[in-house]
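A.B. asks: Sequence:
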Amino acid sequence: MELQDIIDPERIAFDIDVSSKKRALETVSDILVKGGGGENLVSHDVCESLIAREKLGSTGIGCGVAIPHGRLKNTDKTLAAFIKLHKGVDYDAIDNQEVDLIFALLVPENSTEEHLQILAEVAEMFSDAQFREKLREADNQQALWSLLKNWKKMVA
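Position one of the sequence shown corresponds to residue 1 (this note's numbering), numbered consecutively onward.
Note that these hints are calculated values from the structure, not bench results.
Computed from a prediction, not measured in an experiment: that's the story for all the values here.
We put the CB at the ideal spot given by N, CA and C, even for glycine.
The hints are all genuine.
Here are the computed lysine to any residue pairs in the SDA-like style, where the Cα-Cα straight-line distance is at most 25 Å:
hint, residue 1, residue 2
1, K152, T112
2, K84, D5
3, K149, S111
4, K34, Q117
5, K73, V42
6, K134, L147
7, K22, E10
8, K153, A143
9, K55, S127
10, K152, L3
11, K34, H86
12, K77, P9
13, K84, I67
14, K152, R132
15, K149, P9
Estimated spans, in silico, between C-beta atoms of each pair:
hint, residue 1, residue 2, range
16, I51, D95, 20 to 26 Å
17, Q142, E121, 19 to 25 Å
18, N140, T112, 34 to 40 Å
19, N74, S127, 28 to 34 Å
From just these sequences and the hints, can you work out the full model?
C.D. replies: As structure tokens, then:
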């Protein structure tokens with residue numbers, strides 16, 4: 001599965017202002033239920049799933065990036081959302097840096113293998129410092145979408 005199969009431009013947000021990790025998770029939950037495939041989801045349920053995962057350990061992977069992810073019973077489709085924050089927030093990341101790039105993933109409850117494969121791909125994508133910088137320099141939603149869907153060409 002390619003990233004462009006699980007994320008669409010409607011689930012990419014740019015220059016978002018939030019004051020905390022919780023507000024960031026609420027915002028990304030709202031965005032996840034938008035667009036194709038999210039119609040049967042409730043933002044509160046999505047947020048609770050993401051928060052439950054955060055209680056196991058922060059999904060702040062370092063370098064200003066977080067990859068919150070969760071599983072839901074009432075979906076049969078894998079969905080992703082990306083938000084670029086206007087200003088970083090404390091996210092309890094492993095390197096203690098504030099997070100300003102958030103890629104959220106929501107998978108069906110029984111999609112363990114797919115879930116892990118996508119997480120590995122997303123982690124690989126964000127491990128590239130130049131790619132992260134290009135995301136931070138992007139000044140609109142379409143530029144972010146283009147970077148995300150073409151990331152393999154950029155980091156190869």
